[in-house]
Every structure is written in C-alpha cells, then in structure tokens.
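Enquirer: With these hints in hand, go ahead and build the complete structure from the sequences.
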Amino acid sequence: MGGERSAGIDIGSRSIELVLLEDGEMVVSRRLPTTFDPLRQCRTLLSGQRISRMAATGYGRELAAGLAGELGLPVTVERITEIKAHALGAYARFPQARTVLDIGGQDTKAIALSGGGKALKFEMNDRCAAGTGKFLEYTAGVFQIPVEEFGNYALEGDEAPVINSMCTVFAETEATSLMARGVKPQNIALGLHDAIVKRTVNMLNRVGLAFPLVFAGGVANNPCVRELLAKALSAAPGEELLTPPDPDMNGALGAALWAARQD
Amino acid sequence: MSNAAYKEMWEKLDLDVPAHDALLEVLGKFYGDIYMSQQGRLQGAEYLDFVLSEVHGLRIKEIQDAKAQGRKVVGSFCVFVPEELTLAADAVHVGLCAGADAGKEAAERIVPRNTCALIKSFVGFKLAKICPFTESCDMIVGETTCDGKKKAYEAFGEYVNMYVMEVPQCKNASDRDLFKSEILRYKAELETLTGKTIGVEELKRGIGIVNAKRKALQRLTALRAADPAPISGRDALLINQISFYDDPVRFTAKINELCDEIEKRIATGEGVAPKGTPRLMLAGCPMAVPNWKLPYVIESAGAVIVGEESCIGTRNTRDLVDEEAVAKATTMDELVDALTDRYMRIDCACFTPNDERLDNVTALARDVKAQGVIHYSLLFCQPYAHETFKVDKALAAAGVPMLAIETDYGMEDVEQLKTRVQAFIETLE
Ligand code: SF4
Ligand code: SF4
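Going line by line, the protein sequences match chains A and B.
The first sequence: position 145 = 145 (our numbering), numbered continuously.
One rule links them: number in our numbering = place in the second sequence (from 1) + 1000.
All clues given are correct.
Straight-line C-alpha distance at most 16 Å; calculated EDC-like pairs for lysine to aspartate or glutamate: (1) B/K1061 - B/D1247; (2) A/K118 - B/E1426; (3) A/K118 - B/E1429; (4) B/K1418 - A/E123; (5) A/K121 - B/E1426; (6) B/K1067 - B/D1138; (7) A/K121 - B/E1429; (8) B/K1129 - B/D1014; (9) B/K1171 - B/D1337; (10) A/K134 - A/E172; (11) B/K1418 - A/E62; (12) B/K1215 - B/E1324; (13) B/K1180 - B/D1337; (14) B/K1215 - B/D1319; (15) A/K231 - A/E159; (16) B/K1007 - B/E1062; (17) B/K1180 - B/E1334; (18) B/K1418 - B/E1406; (19) A/K121 - B/D1392.
Facing chain A, from chain B, some residues (calculated, C-beta under 10 Å): (20) F1424; (21) E1426; (22) T1427.
Hints listed in this document are in silico derivations from the structure and should not be mistaken for laboratory results.
C-beta atoms are modelled at their ideal positions from N, C-alpha and C, and glycine is treated no differently.
Expert: Following this line, the structure appears as structure tokens:
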C-alpha cells in the first residue's frame, strides 16, 4: 500500500477532471466530458481508485457529496468553489503567481492572489457563455474546424477585423457577414480570438492585474489566445504569462491540494 | 391560510382569483423552503410566520374593516413618502413595493423591458390584478426619485388614483424648501382625501407612532452586533418587510417583544449560527417581499447576514424625527420643519452627490461587525449600479471587502450566485 491519496474532482459544465495526489505527487490525471449524466462520469473516473481524502469543485461540486458513500469510499467530500481551487492550483505550480485567469467551458474567472496563494478578489462572467470555451467551440463549428485546431488556424490570419459582439449567437452573425464581404476566413477567426482577449483583459484589469499571471482552463491550450493575450498585456510568455502544461487540470489539482490539507 | 374564507373578499376587490391563488401557492412554497427550514429560530418568529401567512388574508380584512369605518388607505413605493402624515390623517399607510416576477409580461406592455424588476413587479401586480393591497388603496403616492419610477407612474396613473410627490435631487437649501413645500402639499392632499384636518396634535401622534416603530427596528439593528448572531438575516429582512404593511402599533409591540427575547438569547450566548460564522452585510437596492433569493443564497453558503443597508432596512430606520423638536413644537410649521429635516437625511442613490451614504455604509459595517459587504443592485437600476463603485472604494479604505452582485427576481442565476457568494466567503476565511 502506498501513502495517503488525495483526490480532487472538478465537475465543470463541459468536462470533469480528476487529479490524485500521493505524497504530493500527481499520480492520476484524467478527464471526461460532462455529458447529461455527470454522476456516471464521476463514477467512471473514480471507480477502482484508492482514495483517502477528497474534495470537489466546479459547477457540479454539490453532486459529489453523495458520491463517496455510493462508491464505498471512506471519506467525506469537501467542497470548494472554482475560485479557491484555481487559486490553490496556480499557487502550487507557480508560487510567485499574483493573478489567475481561468477560461473554461462556460465561464471565465479572473482572480487576484495574495502572496500565499489565497484569492483576494475575483471577477466572473455572468449568465452567459460569451467569450468562453463554448464561444470558441461554437464559432469553430461555423468554420467547420475542430476546436483544437482553431487557434492555429486563426494564427494564419494577418489582419483581425473588429468583432463587436461578444454574444455567441451575434458573433456568428457578424462572422458570417464578414465572410459574405469576402474577408479571409483566417482573419475572421483571428478577430474572434481577439474579441475574447479584449474581454478577458477588461476582466483582469477589474481585479487589478499583477504579474506573473497564470493562464489556466481549457482555453489556455489555444495558442492564438495565448499569443494575443501576451501581446495585449505586453507580458513576456514564460515569465509574466505562465501556462501550466495541463491547464485544464488546474481546478482539480487545487481541489486535490485542498483535500490533502484536511485531517 | 384558509383561502376559501377570504375568497369573497378577494372577489369583491376584483382580484383575478385563480392567478392570485397561484401567487399565494408560490409564495407559500417559497416561504416554506426559505424560512421554515431554518434552525434555531426565535419564538417571536411565530408572529412573522403568522403575518406572512395572513398577508393577503387577515391583514386585508383589517384594511377592509377600516375602510368600512370610513378610513382611507394610501399606498406608497418609497421611504420618502411620510407615513407620519398619513397616520395623522387617520388613514392606513401601506408600502407596495413588490418583489415577485408575477405579471411581468403584462407590465412589459406599458413599461420598457429594461426597467428594474421592482417597478415591473408593482406594475405587473396591478395589471394582473393579484395584489389586494394595491386594490385596497384609495390613493397611491409616487415620487420623483429614479427615472424608471417617475416615468412608470405616468403609465401606472392610468390604472390607479395616482399622486406624485416631488423629491429633489440635491440637498441644498432650495431643495429643502422644495421638499418642505411638497410635504405641505401632501398634507393638503390627504386632508382632501380623508375630509379630516391634520392639526398639531394629530401630527404629533403620527410622528410618535412612526418614531416608535423606527426605534424598535433600530433596537433590532443594534442587537445584531452580537456574535453569535441572534437572528438570521432572512428573519430580520422579513421584519423590515412586514414593517411596511402591518399595523404600525401592533408591529412595534411585537418587535419589541422579539428584541426582549433576543436580549435573553444574547445573555446566554445563543445564536442562529455558531460563534465565528462569517458575518456579512447587505447594501443597496430594497428587497421587497418575497424577494429572499440573495439572503437565502448567502445564508445557505454558511454565512449570516447581520445588517441591511437598504430602504427595507437601515435607510428607512436610521433617522428619527427629532423628538425634542417635536415635543417643543407648538405650530404645524415647526413640526413640518422637523419632518423635512428627517426626510432630507435619507441617503438614497437618487441624490447627487450622496457621499453621506458612503459614511453610513462603512459605519453600519463597523457597528454590526460585518466582515464583508455584499452590494446588491437590481438589474437596470442606474442609481445603485453607479454607486457600487464608490461604495467599493469607501469600504476598501475602511478595510472591509465587498462583493458586487447585480441580479433580478429570476431564478436562473442562482447557481452562479452561489458560486460567487461562496467564493467571497472563502476569501474572508
Ligand atoms: S432606493 Fe430611493 S427611490 Fe427607492 S425606495 Fe429607497 S429612497 Fe425611494
Ligand atoms: S431599484 Fe433602482 S431603478 Fe428600481 S425603483 Fe429603485 S431606484 Fe429605481
């Protein structure tokens, strides 16, 4: 038998992530789409795992309360918000971090950190998926490009038209009318990425952006958003703008770290 | 609530009885979920439960009985309308602020969609014929505070006997003169409506009743500084809400009894939540019955609300009419001066500048020992949305963190609100 194992599960609206830590080392890191049956997905992720402590975060964190009992795990599931989880995760990876940006499937958060990795102040987008992963997914669909490739595609653009609307539906209308006007599709894609970045910068400024900034969440995998963000903030990538190697696992990692702290 | 017994009364008031039944059902369920589920409530809360369960029943019957005896009923939407004068004319004064989404579609036929939920609600209640208070009113008094209300009264006035008081926008000497003249104009209007003359004695009596009510509520506010918190924020909000429509003398007696009970509770160190529970204060727009959404979200997230800086809260109760001045007064003019001074101290966001509100918010946060403030503005409420920034700054300077929430009466954002509120509480730990 190995040491204590702490599980963190991040139940988001688009995907569910599980991180298991053993003696501080990440031994499991897995994700599944949320689907319409998130509990089943959680069970799939957790079944067969040896777990001594557990914490849940994300939109569906309350779902996890009954999960441990159901799976016969001898733990009580702690629940923390995504804000706290992301702050903890980012701090563990980059102790010098002062701000965290998380762009996930359906929301965006900007978090100002204190020296010790505690969230001081935060902003979240409200009520709609404007400027989130969902926005990219939807607009990539308009170009008939898989979302994973959308960033590189946009980077082929050389001149970004201004996209005024941040509403997913209206942005599509704008993109379609730009296409009808003969604007190069790569440029339109660049414009859509730019729109997200502008919105994100505003949010970061509202919490009082300080560097280094950790960029987490699924959208951090998008090279175009990363590049435009670095440019918009005049931040040096790798120094002032930091991205963990697996940015979508940051929330689950934070939850696992919180679980590890409990006795 | 024995609805059958009241059905005849509701029909007489020309309510849409099936729609009204549906409203009561929702209200009852909401109350059950949000209020009856609370642990460790005060015994005195039975009064609250009773008043609320009879809000459209017994209280309306009392009002109808008063009307049968020739008394008039005046409704208002704002704490600028001096209840003291209404009572001096021996009329019944009820606050009509409405806190439910009912009647929204109907309301949107006569006010723009981007109007705050409070306005849409009172308009909707009238158009959908589901509010027995509105239907009982002989006169409804509006006021020129925010643009939304000002213009909504024009549309609303086609359906009710509307009277509008002019509330100034600044607090210069000329503004005070204006409001004094408006108080006198309201007095004359009441005299015409009721056929009674308001003399010095009558007004002193009216002032006495309302001062006593505000004192009871001030007492409650002060007691909430105790840790553990002796009363939930939900119950305290309900008390403030009920203060707008229950009989003021009975209300005052009941709240003083409740405060006696709270004092005993504090002496034994008892509370509704354990000592050390995060203490939050609300500030901003009024929360009218049954708008309990945010307080419920906050208190289910493991915090306790220890104060409400709003018109259904301390903005209404903080200032009394100067008792000494009233005792000494021998003329109507002196009394009206005392009233004017009291009302001109209200720190509504409709004023410019309104810096006294910043001092009042920080002072209340300190007095009730709040660890954080949640600033609440209704969607489309310009005045309070603007002040959010200033309040944030003032509180930050006083070392009190603040979370700004903008929402309405809809339920679709409850999950997001929970996350924001919980995250805010986590930052306080
Ligand atoms: S917020 Fe202003 S306008 Fe609204 S009820 Fe209070 S005093 Fe009146
Ligand atoms: S909440 Fe704001 S917009 Fe609505 S009535 Fe009150 S002051 Fe006007």
